[in-house]
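*Asks:* Can you make the complete structure from the sequences, with help from the hints?
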Amino acid sequence: MPFQRLLQLWPQLSFLAVLLLGALASAYLAVQLALRQERAATPLRPGEADFYASGVHLLRYDRDGQVSVQMRAERLEHIPSEQGLELSSPVFWISQHNGGTMVASSRRGVGSDDAQSARLEGEVRLVRRSANGETMEIRSELALIEEGGTLIRMPDRVRIEQGGARLEGAELVVDDNRKTLSLGPRVNAFFPSSNGSPKSASPTGPSR
Numbered sequence: 007m008p009f010q011r012l013l014q015l016w017p018q019l020s021f022l023a024v025l026l027l028g029a030l031a032s033a034y035l036a037v038q039l040a041l042r043q044e045r046a047a048t049p050l051r052p053g054e055a056d057f058y059a060s061g062v063h064l065l066r067y068d069r070d071g072q073v074s075v076q077m078r079a080e081r082l083e084h085i086p087s088e089q090g091l092e093l094s095s096p097v098f099w100i101s102q103h104n105g106g107t108m109v110a111s112s113r114r115g116v117g118s119d120d121a122q123s124a125r126l127e128g129e130v131r132l133v134r135r136s137a138n139g140e141t142m143e144i145r146s147e148l149a150l151i152e153e154g155g156t157l158i159r160m161p162d163r164v165r166i167e168q169g170g171a172r173l174e175g176a177e178l179v180v181d182d183n184r185k186t187l188s189l190g191p192r193v194n195a196f197f198p199s200s201n202g203s204p205k206s207a208s209p210t211g212p213s214r
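Counting from 7, one number per residue, gives the positions in the sequence shown under my numbering.
The set of hints was computed from the structure by calculation and includes no laboratory data. The C-beta atom is built at its ideal place from N, Cα and C for all residues, glycine as well. You may find that some hints are simply not true.
As the list claims (entries may be wrong) - Cβ-Cβ distance ranges computed for the label pairs, FRET-style:
id : residue 1 : residue 2 : range
1  : Lys185    : Glu54     : 40 to 50 angstroms
2  : Pro191    : Leu65     : 20 to 30 angstroms
3  : Ala59     : Lys185    : 18 to 28 angstroms
4  : Glu54     : Phe197    : 20 to 30 angstroms
5  : Leu39     : Thr156    : 26 to 36 angstroms
6  : Phe196    : Leu50     : 48 to 58 angstroms
*Replies:* Below is the structure:
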């Protein structure tokens with residue numbers, strides 16, 4: 007995976023972030039529809055949920071009637087005092103028009119009611135599979151989605167793998183408004199060689 011391939015990540019990650027926020031917005035709408043049926047009779051304490059569901063499976067369909075987005079979670083809670091949704095072990099599956107798929111998962115997910123921000127925490131995995139079977143995987147412990155999905159930050163250690171190649175670093179930032187991706191201040195790269203032994207490189211500056 008040459009370093010220029012890293013630049014191809016930002017539109018994919020931005021697309022994923024926008025759709026992930028859309029899935030959370032759909033979940034929030036479902037919560038509001040459910041709450042119309044029955045409202046809490048007593049005021050809620052800070053941090054207390056006004057709605058929860060277990061074994062959540064949410065589907066979104068495209069104009070052709072095909073499933074375009076799926077969201078699964080072991081548990082979903084809506085916390086009014088935090089103006090957001092909290093999900094346990096969420097998994098987001100997204101179908102792309104080119105035949106590929108993208109999957110995002112973590113141990114915990116939080117999304118704001120206004121669908122402008124979200125975060126994934128603990129064992130965060132972002133996987134893109136192209137129509138020809140090529141896979142790219144990103145792992146970290148924290149992913150912050152801000153500004154309606156146009157800004158993604160992974161402040162902890164990040165590992166990116168594709169086709170036997172690997173990039174490791176920290177402070178991954180994807181800015182869709184500026185059309186930039188940075189990973190720094192130090193990146194370690196490992197590339198498969200023709201004789202099967204890995205080659206490595208360690209650029210000291212951020213990659214853009």
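*Asks:* Determine for every hint whether it applies to the structure shown.
*Replies:* Hint check results:
1. Lys185 x Glu54: 40 to 50 angstroms: Between Lys185 and Glu54, where Cβ atoms are some 42 angstroms apart, the hint holds.
2. Pro191 x Leu65: 20 to 30 angstroms: violated, 42 angstroms
3. Ala59 x Lys185: 18 to 28 angstroms: Given range 18 to 28 angstroms: violated, Cβ gap about 38 angstroms.
4. Glu54 x Phe197: 20 to 30 angstroms: Cβ of Glu54 to Cβ of Phe197: about 51 angstroms, so the range 20 to 30 angstroms is violated.
5. Leu39 x Thr156: 26 to 36 angstroms: Between Leu39 and Thr156, where Cβ atoms are some 28 angstroms apart, the hint holds.
6. Phe196 x Leu50: 48 to 58 angstroms: holds, 50 angstroms
Violated hints, in rising order: 2, 3 and 4; the structure is consistent with all others.
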